[in-house]
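Residue numbers (our numbering), protein chains in the order written: chain A, 1 to 301; chain B, 1 to 373; chain C, 1 to 158; chain D, 1 to 194.
Certain hints may be false.
The list that follows gives simulated cross-link-like pairs (lysine-lysine, DSSO-like), each with its CA atoms no further than 30 Å apart [claimed, not checked]:
# : chain 1 : residue 1 : chain 2 : residue 2
1 : B       : K361      : A       : K164
2 : B       : K361      : A       : K275
3 : B       : K361      : A       : K251
4 : A       : K251      : A       : K275
Derived from the structure by calculation, the hints contain no laboratory data. Only a predicted model underlies this, so the values are computations on that prediction, with no experimental measurement involved.
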Amino acid sequence: MNVGYELPLDDAAYSFGFLDEYAKREVRRTILKAICIPGYQTPYASREMPMGRGFGTGGLQVTLSLIGEGDTLKVIDQGADDSVNAVNLRHFVELTCPGIDTTERTTEASLIQSRHRIPEVALSESQVMILQVPYPDPLVVVEPSEARRKVMHGEADYSRLLTKLYEDIVQFDEITISHRYPTRINDHYVIDPSPIPRYDVPRLDNSPALILLGAGREKKIYAVPPYTRAEPLAFDDVPFRIEDFRDAQGKRRPCARCGATDSFLDELIDDDGNKQWQCSDSDYCHSRLAERDTIPGEAMS
Amino acid sequence: MGYVAIKGGGRAIAGAEAAMEALRCAEGEAGTPLTLAAIEQQLRLLTSRVVSEGGLYHPRLAALAIKQMQGDTLEAAFALRAYRSTKPRLLDLPVQETRQMRLIRRISSAFKDIPGGQMLGPTTDYALRLMRLDLADESPEAFRSVSRRFLDGVADNDLPDSYPKVVDALREEGLLPPLTRSREAAFDITRDPLVFPVPRSAALATMARAETGSLLAIAYSNMRGYGDVHPTIAELRVGYLPVVLPHPVTGEPIEAGEVLVTECEVVAMYEGADSDGPPTFTLGYGACFGHNEVKAISMAILDRALQKGMRDGPANPSEDPEFVLLHVDGVDSMGFASHYKMPHYVTFQSDMDRLRTTQGKADAAQSSQGVES
Amino acid sequence: MNSMNEWPRGQWLRLWSALPATLVRATARQLAERYEVEDLELAQSGLGLMPLSDSALGETYFIGEVPLARSQVRLASPAQGPVEGAATLVDDRIGLVRDLAILDAAVSARLPGHESAVELLEQGATVVAESDHQRRALLAATRVDFALLGTAEEDDDE
Amino acid sequence: MNDPMTLEAPRDVRMGVWQPPRQQRAFRGLLTAFSYPGRVVRLADDGESATLLLLATLTDGASRLADPERRLAEDDIRRLGVRSSAVESADFVLCGAAHPPQMTPRLGSLENPEQGATLVIQVPALEEGIKLRLTGPGVEEEQTLRVAGVDPAWWRLRDEWNAHFPLGVDLILASERAVAVLPRTTRLTVEGVH
């Protein structure tokens, strides 16, 4: 720079929501089109965010384009508000969006940004769910060319994907897809629902809340509108199955902390090498414990 | 210790930040903080790398990023990119002309003598890579006098402001294809996602802000034999490009600043006249912000390789636009490589569930066949 | 006014911006005290995508972005009526670019008091000349004519 | 370019609909209207126009707007910073409820259905007039919407344009202050008409 150049520290402050208004406007246009075409991966010019591609930049750009005064944001990663990446994203939004609130309570949140989980507590119409997506296109496994994939999606031609699933069954007598389970939206587009476990896929179906999915690195936004059919691909003889948390005796494992038998569980290994099972949704687990403490006499199931 | 939920994340992150900062300042009493000017000047090639890979010519901010990221070029370029997201587009600049560059270096490996002459400028090309131990404890006085003594030693003979381009001379001789001033608008990679096939302008823009090492690696594969460019450097120039735009009131061209640029044209062997014209040499073009010759040369070679790939279809990786352009961006690749460090235990839980189920079925099948397992 | 002819308006920003911003500020302040300054456009800073013409095939492409700051002002001069000035700089200092726009207006209309801004042009010119000299020195000191290598004049090589 | 910083207009118009916080609020209203088709969402405060507010919120130099009936003031078009264009190439088309456009708006393509246009139809009133029965994504059972002053030809054309999902157009019905949205996926029957 010129001799005597000084960085203008005075007007270096970031604007509300970090992104400039043109970027927000583009994301907003994209979101509305994504809602009008349920499950369609709508392209947009993803901006660089101050955290790594793959760390939730897509979800973050959606959140920053939605959020404003009066909003209460919940950010989770692996179901936990306290997971490092969740803390990091929440801190960034707090930093760039003065005047908004954040919470760990699912029920208090107007916006929920998440990586890999959908909260256990059913969402309401007054909430928007934002999922972070690393790989948006379920057809990549059968077709490398995006140009050809776009045609297949447009024609709702998923025969090759179904064949792939079927080959699985022939080999393993089971569909081996564990997470990112291909799910058909409104009987047309098949989406990658982001790396949520199969346990969460049914929550996409006819949800009262709008669900937005953002893929920053791949520059795509797509949506599952409220009250919209979301159905995991499966076959009559080999049905879609969620994760199995039963022990050897076939009894559903309870959460070691709160005793819940109706939540997705993390498998933990304690220092003695013993296995433990615990709610992945930390808010769900905490609130159950809180209830139990306030309601005397209720035994842990 | 297994895949255990990370808790106390907030504290851990704050701690990690403090730990980084503690190491940055580990010299303690004995240390002196780096000034941004010192980084910009004394580490000028590092700064050059960051401005080009960051895609924003702001050497002072680049110096700050280098200081903050403790010398990590990927992270520094990344910080510069993220800064861009907060700034609006102010106006559309007119096309700038690199023939106006105020040169500090200019060479050609195609000709002994070129119009205007060859000038090595500041380069280590012919320097012996011997350790200069005198730099180990350099006295500030000596340091401060070096530049002055150099200048006094050189007669400021009347050199021109700008120099003709070697390729123009070759072109006049009919050895090169004529300029095809393409009418189509240049591709804006900062706004439009790359959906293939992409125009050459998208390839040039992508490579201009690509990660130097990534470009070099793919270009090197072509040089070694996964390709056949066999380039000769027609001209490599480094200099300050005046940025000229119309005065908002009068419209007359005004100089609004300068940008340090490295530019390179390579000449490659001619091909059978694919157009109806006579056969000519083919050309590759490379340029980037700052002083970064390896990057400009690698880009020029890849430009030539990609032109072939776009025309005849790729015969090897360095000729495949999708392969090259989607894998040379430092911010994308570094970010994605890093994200694997994040917790993935929900998905891994799900993976284990699938594996156990299928294992269970396999066992059942085997035992039903009376096979020992 | 020979200095006026010496430096076309196209070079003013280059010369002024070669100087410490404090000098420019001081002069702009003086002018702002004499003439009322109206912002025709709020001074702002942002980015510009820089298109180059590739010298191999003549195709236009974007090499990257540069910081830009711009300002456009109108000075109310009782004698000469309103005078417009503007500045667009590869820089991000909003304050500086507004000061430059004021200088630009004053010098272009040669308003009373513009002389100090012309002096700044002269000072800037010496700074620019110095950096030109440095760059030329880099070339002059490293000029090589490979055609002459190996002849009596230069037998030190090969 | 639809950014308060770059407007050369006097201070007062820089307020209101041109302010980022106001546009953020407006967008959330639109988000609800798009998510729950047929629900009437009050967008504008007193003294504001729902149409101008939603255009300020969604359009800028990156979008093309067709205003065949010249419903917008020149100043507002300049402040929006949109590129004006013909109906058949516009991202956004502004028209009245009385007469549908002669031209077919963009329907998008199989590969890029998002290029189907967004039509902003200014209606005399919502929550009165004929009754529409809506089903489809965003509607739990059935949603009814009342809208006044819309030429029935509109519904016929909408059916034609949206005949081949994913191609189609998305409608924003805008009264003075409120909006209701009919995405291409919404199935619509007009009460009494069959």
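We went through each hint and held it up to the structure:
Distance check on the hinted pair: B/K361 and A/K164 sit about 20 Å apart at the alpha-carbon level, within 30 Å; holds. About 23 Å separates the Cα atoms of B/K361 and A/K275, which keeps this hinted pair within 30 Å; it holds. At roughly 19 Å between alpha-carbon atoms, B/K361 and A/K251 fall within 30 Å of each other, so this suggested pair holds. A threshold of 30 Å between alpha carbons decides the hint, and for A/K251 with A/K275 the separation of about 16 Å falls inside it, so the pair holds.
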